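Participant: Residues per chain are reported as follows:
2 protein chains.
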Amino acid sequence: MEEKMKRLVLSILLLLASPAWAQPLPSWNDGAAKQGIVEFVKDVTAKGSKDYVAPAERIAVFDNDGTLWAEQPAYFQLAFALDRVKAMAPQHPEWKTKEPFASLLKGDLKGALAGGEPAIGQIVMASHAGMTTDEFDKTVRDWIGAAKHPKTGRLYSQMVYQPMLEVLRYLRANGFKTFIVSGGGVEFMRVFSERVYGVPPEQVIGSSGKLKFELRDGKPVLVKLPEIDFIDDKEGKPVGIQKHIGRRPIAAFGNSDGDLQMLQFTAASAGKRLMLLVHHDDAEREFAYDRQSHIGKLDKAWDEAKAKGWTVVSMKSDWKKIFSFEGTKQ
Amino acid sequence: MEEKMKRLVLSILLLLASPAWAQPLPSWNDGAAKQGIVEFVKDVTAKGSKDYVAPAERIAVFDNDGTLWAEQPAYFQLAFALDRVKAMAPQHPEWKTKEPFASLLKGDLKGALAGGEPAIGQIVMASHAGMTTDEFDKTVRDWIGAAKHPKTGRLYSQMVYQPMLEVLRYLRANGFKTFIVSGGGVEFMRVFSERVYGVPPEQVIGSSGKLKFELRDGKPVLVKLPEIDFIDDKEGKPVGIQKHIGRRPIAAFGNSDGDLQMLQFTAASAGKRLMLLVHHDDAEREFAYDRQSHIGKLDKAWDEAKAKGWTVVSMKSDWKKIFSFEGTKQ
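Those sequence lines, one after another, are chains A and B.
Here the numbering used here is used: the first residue of the first sequence is 51, the next is one more, and so on.
Here the numbering used here is used: the first residue of the second sequence is 51, the next is one more, and so on.
I should point out that these hints are in silico values taken from the structure, not numbers from a laboratory.
Treat the numbers as computed from the prediction; the structure is a model and nothing was measured.
Be careful, since some hints might not be right.
All copies of an identical chain are treated as equivalent in the list; a pair is satisfied when it fits inside any one copy or across any two copies.
[As the list claims (entries may be wrong)] Heads up, simulated EDC-like pairs for lysine to aspartate or glutamate below, C-alpha to C-alpha not over 16 Å straight-line:
1) K198 - D80
2) K260 - D279
3) K322 - D93
4) K356 - D340
5) K97 - D353
6) K84 - D133
7) K146 - D192
8) K198 - D353
9) K260 - E144
10) K371 - D158
11) K262 - E285
12) K356 - D307
13) K356 - E216
14) K269 - E354
15) K262 - D307
16) K260 - E285
17) K262 - D184
18) K100 - E264
19) K136 - D267
Put together the whole structure using the sequences plus the hints.
Facilitator: Pasting the structure below:
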């Protein structure tokens with residue numbers, strides 16, 4: 051029994067030291083947003099509360115780009131795709147004369163993207179398909195461990211919002227299961243979601259390409275095909291949630307019109323629900339953009355949030371710090 | 051602190067009472083199959099073992115039909131579909147003269163299925179599409195609570211294998227996350243997977259139809275479209291696992307050739323792995339079928355199991371009881 055007793059004591063100490071006992075959300079200023087989150091969690095977890103929700107049904111969904119990590123000056127996954135095309139160019143001499151690759155390799159990003167969505171599609175497919183899932187995993191792992199954000203010079207995986215990490219931890223400490231539901235590529239995000247967000251790969255929902263099972267020298271692999279399977283954005287988000295989770299979330303976090311349907315879907319079920327939008331209004335510490343932005347446009351969802359009383363977070367006034375590295379040297 | 055202390059004491063008592071401390075797999079006879087499972091679990095969970103696997107990576111996948119519950123004389127989901135068509139017939143006068151519905155409604159199942167896969171497809175689509183996911187959930191819930199197996203007269207949800215329920219519990223008590231990976235419909239299985247197997251909806255992977263997000267009177271719903279989205283069988287199983295879980299299982303349980311690729315996929319990663327096939331060889335207590343069967347054919351996978359030393363369970367000799375109701379009156 052001795053070893054068992056030791057483990058029990060250790061479990062108790064860990065429990066007492068867990069965030070559940072500490073003051074929640076230390077990087078949040080006191081205000082309506084923080085209060086709204088804390089009261090929601092109290093109401094759905096207190097036994098006997100009329101809003102009580104059983105732990106198995108405490109599903110919280112988070113958009114990624116612009117909600118958990120930054121998305122300016124461009125989606126980080128696009129930076130990955132561009133870096134991959136450059137790295138793969140020696141194996142593709144034909145790209146020297148073929149758009150959008152020719153412009154891209156000359157350093158003319160604007161020219162490369164002039165072809166619009168089809169051009170972006172070609173860049174994404176060239177960098178995300180034609181290899182096995184294991185090979186893709188490795189290229190993302192190598193990239194995310196080294197590539198740096200053009201403005202801050204920090205690793206992309208450091209460009210995560212400290213207050214949102216605290217929300218993820220706070221919800222999990224209160225029996226929630228946290229999911230990422232993002233327009234980003236599911237196999238891209240899964241490489242770092244567990245380490246960076248504490249969200250295991252099986253709780254990441256995203257856009258995806260088709261896969262093909264193959265035996266290569268008798269060894270089973272999955273090959274990434276250059277064909278879209280599912281786009282997890284806008285109307286796709288509730289669909290992705292249903293396909294993957296099979297029940298409605300009780301809390302949903304987003305930052306743009308791409309998250310509107312996910313918040314509507316969450317709001318529509320009976321009981322107390324939390325719908326939250328992060329508003330990027332801090333040009334100094336991060337970026338300021340909303341109705342007019344091409345990336346992370348916040349327009350219709352903002353109006354609906356105001357009309358329905360959903361929580362809108364001001365990064366400028368609700369968050370004490372945005373990135374964990376603030377105040378530290380690069 | 052008093053309330054907290056009470057909870058701690060309760061947690062400890064629950065921990066001590068948990069299956070982890072009891073003798074595992076009581077419905078299994080001692081033998082190579084049971085020993086193989088127990089040794090595998092010991093090896094991958096003992097710290098310091100060369101085969102140790104971190105809890106987050108302890109993924110176990112289970113086929114459903116023929117592995118967790120029975121599949122004879124026909125897949126239970128087909129029985130559901132037939133019952134639905136009969137119940138919906140008054141709203142579909144045109145079915146009286148339209149095959150496969152006309153034969154089906156006259157009680158001529160053989161005639162109805164004479165049209166082969168297209169006929170089955172029409173029956174499945176009529177019973178599984180054209181309604182919201184909430185509506186479908188309710189029809190399955192009503193059916194599974196009342197419909198009975200033609201041979202035993204028991205509820206279909208009682209036709210589950212007691213020894214496999216013990217494996218599910220034993221693995222979870224040892225830090226595994228258990229998933230269902232079945233050719234059956236994902237939204238069909240999710241209705242009862244948590245209650246019957248202890249597997250929450252988000253850990254059920256199956257075949258699915260396309261979904262469409264709609265606002266009905268301002269209320270968001272998901273409509274089930276009469277179009278296949280994904281078939282989670284054979285080569286589809288590793289694909290479904292990758293789409294949904296994003297890492298390779300370390301244990302896989304099946305019973306037919308439809309599970310072969312899932313077992314191959316599990317076997318191929320480095321480290322100690324458990325691949326197990328249930329062989330239906332007990333005509334008296336259940337059903338006996340393998341190489342020649344139209345349902346749950348076990349042929350190629352059986353040969354590969356023999357060649358590679360995977361575990362093959364004889365229901366007749368490895369299981370003390372098959373159903374929990376054995377020895378009780380109906």
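Participant: Hint by hint, say whether it matches the structure.
Facilitator: Hint-by-hint comparison with the structure:
1. K198 - D80: neither (33 Å within a copy, 57 Å between copies)
2. K260 - D279: both (5 Å within a copy, 12 Å between copies)
3. K322 - D93: Classified as within; 8 Å inside a copy, 45 Å across copies.
4. K356 - D340: This pair counts as within: shortest intra-copy Cα distance 14 Å, inter-copy 62 Å.
5. K97 - D353: Neither, since 34 Å and 54 Å both go past 16 Å.
6. K84 - D133: neither (38 Å within a copy, 51 Å between copies)
7. K146 - D192: neither (25 Å within a copy, 62 Å between copies)
8. K198 - D353: Classified as neither: same-chain Cα gap 35 Å, cross-chain 51 Å, threshold 16 Å.
9. K260 - E144: Neither. Shortest intra-copy (25 Å) and inter-copy (38 Å) distances fail the 16 Å Cα cut-off.
10. K371 - D158: neither (35 Å within a copy, 70 Å between copies)
11. K262 - E285: This pair counts as between: shortest inter-copy Cα distance 8 Å, intra-copy 26 Å.
12. K356 - D307: Close inside one copy (14 Å), not across copies (55 Å); limit 16 Å.
13. K356 - E216: Neither. Shortest intra-copy (25 Å) and inter-copy (51 Å) distances fail the 16 Å Cα cut-off.
14. K269 - E354: between (51 Å within a copy, 14 Å between copies)
15. K262 - D307: neither (33 Å within a copy, 18 Å between copies)
16. K260 - E285: between (20 Å within a copy, 13 Å between copies)
17. K262 - D184: within (13 Å within a copy, 32 Å between copies)
18. K100 - E264: neither (52 Å within a copy, 30 Å between copies)
19. K136 - D267: neither (30 Å within a copy, 50 Å between copies)
Consistency note: the structure conflicts with the earlier hints numbered 1, 5, 6, 7, 8, 9, 10, 13, 15, 18, 19.
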